[in-house]
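Participant: Chain residues, written in single-letter form:
There are 2 protein chains.
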Amino acid sequence: GVWLKESGTRSVLNRVPPLLTDLYQFTMACTYWRAGKHNEPAVFELFFRDNPFGGGFSLIAGLSDCLLFLQKFAFSDDDVEYLRSILPAGTDAAFFSYLKELDCSAVSVSAVPEGSVVFARVPLLEVSGPLAVVQLLKTSLLCLVNYASLVCSNAARFRLAAGPRRRLMEMGLRRAQGPDGGLTASRYTYIGGFDLTSNALAGRLFGIPVAGTMAHSYVTSFSCLEEVWPQTLVPCGGGGPIDFICLVKGWLGRVCQLLGSKTSLVREGELAAFLSYAIAYPQNFLPVIDSYSVSCSGLLCFCAVALALYELQYRPLGVRLDSGDLSRQSLEVRRVFKECSQHFSVPQFESLIIVGTNSISEQSLAELNKKDNEIDVVGVGTHLVTCMRQPSLGCVYKLIEVRGRPRMKMSEDPEKSTLPGRKSVYRLLDADGHPQMDLICLSEEPAPKAAISLNCFPLRLNKTLQTVTPAQVTSLRLDVFTCGQITFPLNSASESRERAQLSLQTLHPHHKRLQEPHDYTVALSERLHSLVSDMTKGNSKGSNFLLSN
Amino acid sequence: GVWLKESGTRSVLNRVPPLLTDLYQFTMACTYWRAGKHNEPAVFELFFRDNPFGGGFSLIAGLSDCLLFLQKFAFSDDDVEYLRSILPAGTDAAFFSYLKELDCSAVSVSAVPEGSVVFARVPLLEVSGPLAVVQLLKTSLLCLVNYASLVCSNAARFRLAAGPRRRLMEMGLRRAQGPDGGLTASRYTYIGGFDLTSNALAGRLFGIPVAGTMAHSYVTSFSCLEEVWPQTLVPCGGGGPIDFICLVKGWLGRVCQLLGSKTSLVREGELAAFLSYAIAYPQNFLPVIDSYSVSCSGLLCFCAVALALYELQYRPLGVRLDSGDLSRQSLEVRRVFKECSQHFSVPQFESLIIVGTNSISEQSLAELNKKDNEIDVVGVGTHLVTCMRQPSLGCVYKLIEVRGRPRMKMSEDPEKSTLPGRKSVYRLLDADGHPQMDLICLSEEPAPKAAISLNCFPLRLNKTLQTVTPAQVTSLRLDVFTCGQITFPLNSASESRERAQLSLQTLHPHHKRLQEPHDYTVALSERLHSLVSDMTKGNSKGSNFLLSN
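Sequences listed follow chains A and B, in order.
Position 303, counted from 1, in the first sequence is what this note's numbering calls 303; the numbers after and before it change by one each time, with no gaps.
Position 203, counted from 1, in the second sequence is what this note's numbering calls 203; the numbers after and before it change by one each time, with no gaps.
Hints listed in this document are in silico derivations from the structure and should not be mistaken for laboratory results.
A portion of the hints provided could be inaccurate.
Identical copies carry no separate label here, and so any pair may be met within one copy or between two of them.
Said to hold, decoys possible - With a straight-line cut-off of 20 Å between C-alpha atoms, the simulated SDA-like cross-links for lysine to any residue are:
#1 K262 <-> T536
#2 K416 <-> S361
#3 K416 <-> S327
#4 K371 <-> Q515
#5 K338 <-> D372
#6 K416 <-> R328
#7 K537 <-> F457
#8 K72 <-> F96
#9 K416 <-> S293
#10 K370 <-> E516
#11 K416 <-> N358
#12 K537 <-> L265
#13 K537 <-> S293
#14 K537 <-> S261
#15 K416 <-> D325
#16 K416 <-> V522
#17 K512 <-> A431
#18 K370 <-> P164
#19 K416 <-> G324
Turn these sequences into a full structure, and let the hints steer you where they fit.
Facilitator: Here it is in structure tokens:
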């Protein structure tokens with residue numbers, strides 16, 4: 001893995017400031033400090049309760065941002081003065097001196113690597129360190145993992161819906177939650193399987209391939225052919241400048257004749273816009289063709305300009321459709337491309353790219369795939385970056401151990417209870433190499449072994465004992481941050497993207513299905529299951545009942 | 001208005017970098033430049049097509065961020081080198097020199113002030129300047145206005161659903177789109193009518209009141225009374241330290257006796273957590289009481305600690321409920337508060353605050369209001385910041401004029417067509433001072449006058465002519481940025497919040513209804529309506545049909 005320089009991964013935010021957290025973390029930290037509990041060794045874990053979008057899996061992301069945040073975690077004097085002004089009057093002054101000294105030098109983290117396939121209820125990050133410090137980290141870590149993982153998982157679903165052949169472009173910056181929301185979306189949708197982004201800054205910061213076509217406003221800004229300048233183009237192979245307007249007008253006549261269209265319905269401004277673009281970018285001509293009418297104007301203008309470009313040995317790219325029925329229109333466009341290709345003997349013309357970009361959702365993409373269509377590249381904005389179907393993953397960060405003693409939150413709502421104690425997490429693979437179960441054990445338990453049967457209690461299946469014999473066993477989490485030091489490569493976006501694709505490949509198709517996937521089994525070891533039972537009954541070392549008062 | 005220093009409004013982001021835009025803005029700008037059109041005077045306008053959340057209105061927000069962005073807009077040498085690396089090979093080298101010189105010194109903006117009530121289809125910002133520059137600004141301006149306005153409008157709906165009495169606290173940082181998404185949410189939900197945020201950095205940057213209670217992990221980190229330290233508390237009025245544990249144990253016995261509860265079911269860890277917190281913050285005691293069981297443990301511990309605090313002349317604040325049926329539980333909690341208040345003769349005890357925070361949505365808040373309940377403060381996270389019901393406002397930025405000539409985008413989809421020409425927007429008020437119509441005119445038209453009838457064409461009502469006589473007329477937009485200078489006060493969050501409340505107050509209740517509101521009328525002047533008709537038919541000065549080739 002490449003160790004990125006910090007400036008290479010996030011330069012818009014100087015850094016994620018440690019004040020970016022909920023106020024109550026500070027009052028609680030103060031109370032710990034007051035009670036002398038602030039340095040007690042404590043362990044939190046981060047997980048989510050349900051796979052998003054009704055799916056069977058998720059991808060984890062945001063880890064590099066977490067590591068950089070932890071590495072730099074420290075309060076400036078200004079931060080502390082601000083806290084002094086908002087914490088309750090009477091907060092012990094020495095607490096603020098304590099805050100000024102804080103850092104993550106006593107914090108360690110184990111985590112599932114970014115881009116891995118993960119499942120609900122599995123502890124993805126384990127954060128250990130002094131109680132007050134690991135409490136203070138809570139909101140910031142959740143903020144960094146929650147949306148990153150959600151939008152990465154959403155992208156993976158679009159990738160599955162699109163099939164491997166079609167290229168996917170993220171173009172959601174204008175619909176994201178502000179500048180950083182947009183950057184986060186570009187980075188993590190790329191990791192989830194998108195190929196391109198429209199966001200130039202994301203390209204610069206994260207090395208994501210950037211692409212773009214043309215806006216309607218560009219087309220409508222032109223009104224007549226007199227606005228085209230220069231009016232000539234030098235052939236690709238060299239030679240004197242050719243009057244390109246004249247050349248294109250000739251082609252327009254021939255195209256209209258071939259297709260039985262009227263040149264009188266062609267918009268002069270649209271033709272002027274295409275001509276100007278093609279003269280500036282003869283090798284990158286990919287206009288949007290629905291500013292007025294695809295069939296009466298946009299497509300005809302494109303064909304004329306593109307055929308003229310071919311005549312001068314340039315290679316136009318294709319067209320973009322941004323409204324109406326994309327499937328139907330793409331078929332019509334392809335039919336016209338083929339007709340031009342044959343009639344004018346330009347073989348490449350039939351395989352020009354067709355880009356579709358009209359409020360694409362996972363569902364509309366899946367429906368597109370059911371119909372005949374000729375769309376090569378799909379651009380997705382709003383539905384991708386806002387995760388409209390489920391805009392929050394709902395990650396939580398829960399205390400599981402203090403001073404070596406397991407902790408558990410019981411709740412009126414059983415789904416909100418937590419799993420106590422420090423754990424190891426194993427992925428058990430079947431004989432075909434597919435993941436078959438994630439097993440959560442107490443950390444002091446020996447690791448399960450391949451070809452040895454074991455007993456476990458699947459979550460959510462009435463907790464009946466089950467026996468399983470894995471063909472292979474892998475440990476899911478790695479030590480990524482140890483006593484203040486990053487101990488795992490900060491993966492670049494493309495490295496995490498590669499991990500995501502590999503991880504998804506091993507997953508059995510019935511877990512990857514977008515609709516009604518098979519439930520993947522997440523199970524507790526017998527010992528962890530016993531601990532949960534004991535603590536629920538209140539007879540463990542958690543919080544005892546008050547027997548005397 | 002207060003002129004905030006820039007560092008006071010957004011210091012997490014150094015600034016919004018001009019590279020934070022879609023790549024195609026650069027290829028289009030280059031084409032304009034190549035054709036010598038880059039300095040043609042052009043006008044874009046920003047609007048949205050539908051009021052969000054099925055509602056009848058929206059609030060505009062994000063304007064201050066836009067002005068700061070425009071003021072600083074310039075490409076660094078590094079930016080330009082990066083663009084050189086991603087723009088198509090063959091891009092004229094002189095274009096990059098041109099980019100290095102760009103700024104917004106020739107750009108002007110008129111806009112509806114932040115916090116104002118606005119409606120679909122009304123042009124909210126008008127941006128004029130050199131064609132290539134105003135084109136380049138597109139994505140960034142959309143990114144800054146879109147989510148800010150959406151989440152501000154969402155907050156206003158929560159405010160309406162909650163009624164004026166109940167206090168509303170935003171606590172969505174952990175579920176937002178990364179750090180800046182969280183900050184944007186805190187700022188703009190406050191403007192929309194929230195009272196408090198949990199986000200400490202938002203408090204610091206934007207002056208929003210910050211609040212917080214206690215997390216479950218805090219409660220479950222304690223297991224026994226030995227962990228409480230110090231164990232004494234000095235009475236508020238002074239005097240020697242009192243053994244607070246002993247005092248609370250006495251109260252716990254009396255509370256359990258009064259309520260017929262068993263002290264043996266009380267969790268020792270929960271009591272220890274509450275004791276420690278109360279000793280550190282005796283004037284700010286507001287624990288979460290559902291970590292184990294509200295009725296068997298949390299509420300009893302709270303009452304015991306709170307009564308002991310009263311005995312020492314402190315003022316505890318109240319409790320937080322975070323799971324289960326909040327209405328039912330709040331009634332039960334209030335009943336217990338009243339019983340303690342009477343039995344122990346502590347009058348203030350019955351009016352302790354009850355905070356509710358369990359996945360509150362606009363709908364659940366409205367339902368809460370239909371039932372009897374005793375919740376004083378509502379904390380909202382996920383549903384507020386993700387705008388789950390509609391996570392994007394769908395703002396667009398469309399070209400309306402070039403070189404003094406109106407421009408219009410026609411589309412296969414009529415809803416995607418635009419209104420051509422430079423405009424003025426007026427709000428017509430009825431005799432009661434309620435807004436009755438927003439009228440969009442061409443800018444060269446005289447302003448409508450109070451008490452003078454006028455003809456207009458409402459949008460979306462089959463465009464039949466309507467006659468209206470306003471009692472008052474106000475101009476909606478103001479000049480906020482003129483030739484590179486900010487010419488309107490950068491409002492603080494609380495100033496914009498005040499404007500939002502005033503603006504909402506004037507709105508007629510039937511437009512404010514959350515469900516099935518009356519449609520507010522947005523209409524075109526006769527002259528604008530004629531221009532639209534002419535350009536749709538293609539016989540205006542927009543893009544002519546190509547009559548000769």
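Participant: Does each hint fit the structure? Answer for all of them.
Facilitator: Hints versus structure:
no.: 1; hint: K262 <-> T536; in the structure: between (79 Å within a copy, 18 Å between copies)
no.: 2; hint: K416 <-> S361; in the structure: between (31 Å within a copy, 18 Å between copies)
no.: 3; hint: K416 <-> S327; in the structure: between (45 Å within a copy, 19 Å between copies)
no.: 4; hint: K371 <-> Q515; in the structure: within (18 Å within a copy, 37 Å between copies)
no.: 5; hint: K338 <-> D372; in the structure: within (16 Å within a copy, 69 Å between copies)
no.: 6; hint: K416 <-> R328; in the structure: between (48 Å within a copy, 19 Å between copies)
no.: 7; hint: K537 <-> F457; in the structure: within (18 Å within a copy, 71 Å between copies)
no.: 8; hint: K72 <-> F96; in the structure: within (19 Å within a copy, 36 Å between copies)
no.: 9; hint: K416 <-> S293; in the structure: between (55 Å within a copy, 13 Å between copies)
no.: 10; hint: K370 <-> E516; in the structure: within (18 Å within a copy, 36 Å between copies)
no.: 11; hint: K416 <-> N358; in the structure: between (39 Å within a copy, 11 Å between copies)
no.: 12; hint: K537 <-> L265; in the structure: between (80 Å within a copy, 11 Å between copies)
no.: 13; hint: K537 <-> S293; in the structure: between (70 Å within a copy, 13 Å between copies)
no.: 14; hint: K537 <-> S261; in the structure: between (80 Å within a copy, 19 Å between copies)
no.: 15; hint: K416 <-> D325; in the structure: between (44 Å within a copy, 14 Å between copies)
no.: 16; hint: K416 <-> V522; in the structure: within (17 Å within a copy, 47 Å between copies)
no.: 17; hint: K512 <-> A431; in the structure: within (19 Å within a copy, 61 Å between copies)
no.: 18; hint: K370 <-> P164; in the structure: within (15 Å within a copy, 51 Å between copies)
no.: 19; hint: K416 <-> G324; in the structure: between (45 Å within a copy, 10 Å between copies)
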